[in-house]
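J.: Protein chains in written order, with the numbering used here: chain H, 3 to 502; chain S, 3 to 502; chain F, 3 to 502; chain R, 3 to 502.
Accuracy of the hints is not assured; some may be wrong.
Remember, identical chains collapse to one label, so a pair may be satisfied in a single copy or spanning two.
Pairs of lysine to aspartate or glutamate residues, derived as DMTMM-like cross-links and limited to a Cα-Cα distance of at most 25 angstroms, are as follows [as the list claims (entries may be wrong)]:
(1) 497 with 76
(2) 497 with 80
(3) 309 with 499
(4) 82 with 499
(5) 298 with 47
(6) 82 with 322
(7) 497 with 84
By construction, these hints were calculated from the structure, which means they are not laboratory data.
There are 4 protein chains.
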Amino acid sequence: MQHRDLLSRLGLELPADGAGLSVRSPIDGAALGVAPVTPASEIPEVAARAQRAFEAWRSVPAPRRGELVRLLGEELRDAKEDLGRLVTLEMGKIFQEGLGEVQEMIDICDFAVGLSRQLYGLTIASERPGHAMRETWHPMGPCAVISAFNFPVAVWAWNAALALVCGDPVIWKPSEKTPLTALACQRIFERAVARFGDAPADLLQVVNGGRDVGEALVASPLVPIVSATGSTRMGREVALKVAERFARPILELGGNNAMIVAPSADLDMAVRAIVFSAVGTCGQRCTTLRRLIVHKDVRDTLLPRLKAAYASVPIGNPLESGVLVGPLNDKGAFDGMQRALEQAKADGGTVTGGGRALADQYPDAWYVQPAIVEMPGQTDIVRHETFAPILYVLTYETLEEAIALQNAVPQGLSSCIFTTDIREAESFLSAAGSDCGIANVNIGPSGAEIGGAFGGEKETGGGRESGSDAWKGYMRRQTATVNYSRALPLAQGIKFEIAG
Amino acid sequence: MQHRDLLSRLGLELPADGAGLSVRSPIDGAALGVAPVTPASEIPEVAARAQRAFEAWRSVPAPRRGELVRLLGEELRDAKEDLGRLVTLEMGKIFQEGLGEVQEMIDICDFAVGLSRQLYGLTIASERPGHAMRETWHPMGPCAVISAFNFPVAVWAWNAALALVCGDPVIWKPSEKTPLTALACQRIFERAVARFGDAPADLLQVVNGGRDVGEALVASPLVPIVSATGSTRMGREVALKVAERFARPILELGGNNAMIVAPSADLDMAVRAIVFSAVGTCGQRCTTLRRLIVHKDVRDTLLPRLKAAYASVPIGNPLESGVLVGPLNDKGAFDGMQRALEQAKADGGTVTGGGRALADQYPDAWYVQPAIVEMPGQTDIVRHETFAPILYVLTYETLEEAIALQNAVPQGLSSCIFTTDIREAESFLSAAGSDCGIANVNIGPSGAEIGGAFGGEKETGGGRESGSDAWKGYMRRQTATVNYSRALPLAQGIKFEIAG
Amino acid sequence: MQHRDLLSRLGLELPADGAGLSVRSPIDGAALGVAPVTPASEIPEVAARAQRAFEAWRSVPAPRRGELVRLLGEELRDAKEDLGRLVTLEMGKIFQEGLGEVQEMIDICDFAVGLSRQLYGLTIASERPGHAMRETWHPMGPCAVISAFNFPVAVWAWNAALALVCGDPVIWKPSEKTPLTALACQRIFERAVARFGDAPADLLQVVNGGRDVGEALVASPLVPIVSATGSTRMGREVALKVAERFARPILELGGNNAMIVAPSADLDMAVRAIVFSAVGTCGQRCTTLRRLIVHKDVRDTLLPRLKAAYASVPIGNPLESGVLVGPLNDKGAFDGMQRALEQAKADGGTVTGGGRALADQYPDAWYVQPAIVEMPGQTDIVRHETFAPILYVLTYETLEEAIALQNAVPQGLSSCIFTTDIREAESFLSAAGSDCGIANVNIGPSGAEIGGAFGGEKETGGGRESGSDAWKGYMRRQTATVNYSRALPLAQGIKFEIAG
Amino acid sequence: MQHRDLLSRLGLELPADGAGLSVRSPIDGAALGVAPVTPASEIPEVAARAQRAFEAWRSVPAPRRGELVRLLGEELRDAKEDLGRLVTLEMGKIFQEGLGEVQEMIDICDFAVGLSRQLYGLTIASERPGHAMRETWHPMGPCAVISAFNFPVAVWAWNAALALVCGDPVIWKPSEKTPLTALACQRIFERAVARFGDAPADLLQVVNGGRDVGEALVASPLVPIVSATGSTRMGREVALKVAERFARPILELGGNNAMIVAPSADLDMAVRAIVFSAVGTCGQRCTTLRRLIVHKDVRDTLLPRLKAAYASVPIGNPLESGVLVGPLNDKGAFDGMQRALEQAKADGGTVTGGGRALADQYPDAWYVQPAIVEMPGQTDIVRHETFAPILYVLTYETLEEAIALQNAVPQGLSSCIFTTDIREAESFLSAAGSDCGIANVNIGPSGAEIGGAFGGEKETGGGRESGSDAWKGYMRRQTATVNYSRALPLAQGIKFEIAG
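So that you can see chain H by itself, here it is in the shape it has in the complex:
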């Protein structure tokens, strides 16, 4: 039981059965253990503990809070191999990507440590003599993090590293499908806390469980921030509950990410970028490339090369070196993929690939051939995000047309263009260009660096995480004016004098 050792090294001693979340590896369907759940009825107490932690943590100087995150980064460096492997085991992405996910956690910790001496507000010129105006960012309160199975650890880290530095305790509700990686992160965090010394209790609470647990968390009046990653459907429910009580959402929902391949594109690079971003993580990234918008003059060159590359992509056990495509997460994902392909065919599409793979070897797992679907137009199914490796191919003649196609979907996460023409590239990045939160030139839509803000508008939910000033999402802004004179002038020069 190799994975027992791994879990043990990560501090997880779980029962093989009993009540809780039974976890099976998408690699082979093997049982990994049973994770304890937090009943929804306990969420009020969880939130109350977070609130108590907040009342202490908010007054700890931010650079000292940063020290905790620095220690977390050190612990993650130490645990990188093990945690990366557990990500692969529990979620099914290839080990290289599991490592990449942990590296992203480490990167965001480093970034957050730096931030802990910044969290800059502004001093502002006041219009009144003897007055000083300034804007300060203060801790906001407990932050709920609801994460999805496909990035079981990195998304938490994006949120937690910033939230902790910003003074906010974290309550983490992981996907039901990936409770183990969450528990492992909790152990790692606890090691950092132990080295730190005097942190308040309950800075991080992991609550495993089902939909009811998430709902209780989202509804808690003690949780002013809810960061949720997942489907648009889930996101809309969260958004409504959060809006009801005027809390702050940070939503990272669906993407339906496209690449425009222009006539001048470097096709060698384009093919490599397409394959990585369309089939990597078996098409289960929110930034997976799902739509290819190819100029009519290069389509006939590009498509055969792409199909050849698809045919050669090694599919298999994601723990094995050399494999680039692991399994879909479960049968539901497989069924959804098949339904989408059927619909695409019904809409006039031509499907290459898309069938089940390795069924003999892994009867309880859901490997697939990534699919390329040549479509006659951008039909409904193309405008829908199917969380599987389906790449729809569309053709364009003018850049305006390509950009219009790119934008004509409900989602707004990521996008890219391959071109060597600066006019095309800058037009794509302009106000009249891509409407996505992420827009790349000569790189695929996936694989963002942590230094930029991550997220997008429309059904993607409008949230921003990770770099730039995404940290402001975890703080409250205070505009203060201090009158240090002995007079009481009014703004806008208003006169209002009582006889006194």
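Model the placement of chains S, F and R on the given structure of chain H, informed by the hints.
T.: For chains S, F and R alone, kept in the frame of chain H given last:
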């Protein structure tokens, strides 16, 4: 009919009766005219026009967009007296405050003109060689502005000056009670447009009407930004509808603003600040001072002085010089005030003032004596925002207690402390201090400058308008990475190489 | 005497002769009048007056200071035609460029008005509990502006609009060759001051005179900022004097600006850009294009077109519509140009054009044919800035070679590339690309917008003016930490306890 | 030979005699070893090596450069005890302060790592359609760091951590008095480089030696940045040489730091703050408190308490626990102190303390009693920075007077006020308040956190190091405009059309 001349100078020739919104002046109940309404059924076409304007306006360089706002500022300077008077006539605030409101419009125009050459995004250090990362802010789309009767023109200007500079057309739904000032603003805006020359049509559309018009606007899929000012009840409805379609709300809702008066306070200044912020605009500002939290050692000095000041405040026709308190907006406001005072008495409060005033002179208007209510504690009615000049007085012993009282209401807009002790002042402004979006020292809670961001968390809605980087609320953020190398390195150092 | 009327409209009634600076128009050598001079011995009193103005002005709220600059902008709008014409008359640039220079003054005023509510410092996370850290920008003191003949008014405005908003009075020493435009600006400024109402006296003092006046100003201990535009030789002298007393220089010195024309360039655009930037202002802009680095594959296409364009450029009286090239400023400029051409020939260069023009018509003025000089290599004369319309042409094979040529001069002001290839464009803009402060793609090196920071490193002097955060050059930075606790923790956790 | 072991652990195996810098410990005058020197004649080759390192390092992505600094921080954590002890041994400050200095190095490394993903420039709204404007910060070139004996390692780290992240190699010329700590830092840095893997050679070069070495470095045309810490005399020489060649100085020169003690001050805290900041490091910090400006009403309470505290301060071997004041650095410092005290007496001052201490125990070292000198006024000697523990005491009546005294010295580094009155505190921090780069409230002038910018105007030299945007001092700014349209509009709307 003096107001006819005024309306005429402002370009408004309105029927005296007929279909539409019948406007009566709160000063004396006199009819001012009937404003035409836009049927809710026309909102889709209004939105479509705004969208067309957007498609042109977004590609006009921002400094050129700023020129339109500069011209708007010039036109407002020219119309200041008239527009300020119309504000008084239609809304009932004193003329000085009417002028102040127009000045605020002018100020935000000046500010927005400067912004039009900034709208700064970031260039960001990329982790990959041969890559350039940057973040740009782009126009977002049509912006709905739903404004309230109490600031009938300034709040529109806060939004419109920024939205226009940011590239967004504006659809303005004013309060049903103040359609005339909105129409006057539209005329003023049109003059600026005419001087500008080549602006697209429909950059500003005013839609007067009732609740159904607002609802249609909030629901429009072509309106990605909804900026709404008003009650928490209204705001929650907007928030839910906006959340449903993942649009962006900018909410400025209720306030329940307090002042802490510390033992070291300069009481002369405190009395003046209290009177201005508690009775100004007849208690109908969102930043009106509603709760006075006085240290037990100064209460007995402060209260008599305050009552004396209240007794001497000139109440009357707000167009008359010397008057400081005009009427409540309507009978509903008066009834609400009386109910609140009754409840306060029932809770053990002692009421000074609060009765109707000038009923003989203005039988169709609702003037009141501002009320001071000494409360035994912060009961429910104190925690509720009553839009009238009621000042609840509470007593405290320690600063911690005072801050806890200040924060223990559902609203989070504005707050202040009067103290000369820097430890108290900075504690009040610290992470453990006031939880409001605005926190002042030695000035009242009202009368913000436009250079700072305006708004607050909790039931205040979380939006920010006016200064600082509130302009970002009107734009979409794009994180772009440009690969100008011939290699395709992945972020986080991931290795993913296809054989091909 | 048409110019008499113009001067009179601008408020200038000058003697035709007598002591002072005798000004002659470079258009025809005609006398324009005699400007009074300020003896160097009076500079201490001038500086003392500025210091007194500073002590009042620094405490005027910045947005109020902005109002003065807004009024200045209005006055400049009113005087645009006249002032633009005077620029042409006194300096010799074409009227379109004279107008452009005034427009630039107006633009910077608008920008500075917006800045007057910003001047943002930072609030910063402190490492110590009960401590608040912040950084504020304060007025610095009187600012000397030493401007050059070629931009006789815009450069002053760049400095003055910012300095005034930042709280600094200005002492302006214009070029000896352009005292009249400076005096006209002073009159315009005085009109703004009169409308403003309560500004302290002496916010702007113009000191005309020779080198000794400038030297006295640069040496004044009451002048902490010296902004100087002109030659590298002059700049070095200023730099040394300013360094001696630890004052702050803002230097805008020589440029030797190049354009790289890549194989993929749009040659239609390139030709137009070259002509404007190489012959505009008769080659007397600091950003004039002086070096053309053409790829070997396009040279033979580009050069003939360029020579044809040069041949057709209308040279003549810059007040006349249609004329694009006016005179050199004086005989010294002409002689310098001829010497440079001689040296270029001696170095192996082939000169096209460069001779005197219109000598019959304007015997006392110095019109020239702009010169194209094809050089065998980048010899010393190419590396030297000659203030005249000489365009040296060099050839390259690889982009690395082109960038190396571009950077291998002592100056570092402006640069550009014409290419449609994004890899070339971004490489040119990268850390390994152009070493200039300004680097453009598909526009010439001249004609910067005021929204960006203007200036460059190396012999260009390192200063930055105009947009971005160039305003910080006019203020002093204060880092403040406020301890509002009752403890005294030391930074870096140092323990230092006296028995006490 | 205990220090041999220490040096050995730090990788230093030095000859006991021979050519080079002979280092003696100020603790007891014992020889510590001989440090090898770099002849001035080798500086050109040193600079050439740095330039080669620069050409490689500038193209390494900044976050990767940050990784080197992160490793440096880890190595410093490991070496903290040893390096802190060597600081004490070589420089003479107490061990707690030696540790604090190393902690500051660690802090700035953490901060710089975060910066390595920021180094933010701006994207800026362009006034021209189809144009994108942006500002990017690029590596500048080799950075010379000239450091002083009193902070032998921290000041280097402030500069080096930023310079390295910014892409600039460092050439470090330490004080002649502290070559060993510099060599130890180089060893530590080399360990980080070894772990990093692929850094170019010569990112850090330490050049020990005398004044000629520093002069050669300052004059090197390959060194565009010179960061120098030390006396005003030295700084002026550096400034002139750097100005001569238009390089960029970062000067941290003299301070003459004052504390104002107001009537409302918490005297317990004030006494502790005064003692730490006046006698700590034996008065040899650039931020040492040198002037005490006491309100007349508290002087008689404060001074006796202060004298009592001075009398009880433990003086002695700085390696011993409990000791708070170690030796002066050398006899020169002692003589300078005595001369200053003589002059102060001659000016009417009353001296308490100031004599030599522990002369019997340490005949070859220069321990002193810290001095309090009550002055009748701010005479020349008070306005002069004497690098020794002399505290001049002045008296004031009004805050304006106190601020005027505070500002009436040639230096402008640090300052503070002790008051609990917010009006006094904010006035002190206002535009009309302290003219120093650092201004504190209720903490002493020394012991800055690394998160703020450090430095000051006037004879302090104007440089800024450490936090905020001090990193910009190590980079060059590039303003780029990209035209991605097919038109060529000119800024300021200029019309310039050639027929061709």
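J.: Are the CA atoms of residue 497 and residue 76 at most 25 angstroms apart within a copy, between copies, both, or neither?
T.: between (59 angstroms within a copy, 23 angstroms between copies)
J.: Checking residue 497 and residue 80: alpha-carbon separation at most 25 angstroms within a copy, between copies, both or neither?
T.: Cα proximity of residue 497 and residue 80: across copies only (20 angstroms, versus 65 angstroms in one copy).
J.: Which holds for residue 309 with residue 499 at a C-alpha limit of 25 angstroms: within a copy, between copies, both or neither?
T.: between (80 angstroms within a copy, 16 angstroms between copies)
J.: If the cut is 25 angstroms between Cα atoms, do residue 298 and residue 47 qualify within a copy, between copies, both or neither?
T.: Neither, since 60 angstroms and 36 angstroms both go past 25 angstroms.
J.: At most 25 angstroms between alpha carbons: which applies to residue 82 and residue 322, within, between, both or neither?
T.: within (17 angstroms within a copy, 42 angstroms between copies)
J.: Quick one: residue 497 to residue 84, C-alpha cut-off 25 angstroms, is that within a copy, between copies, both, or neither?
T.: Cα proximity of residue 497 and residue 84: across copies only (18 angstroms, versus 69 angstroms in one copy).
J.: From the Cα coordinates, with 25 angstroms as the cut-off, is the pair residue 82 and residue 499 best called within, between, both, or neither?
T.: between (67 angstroms within a copy, 22 angstroms between copies)
Hint compliance for this structure: hint 5 alone is broken.
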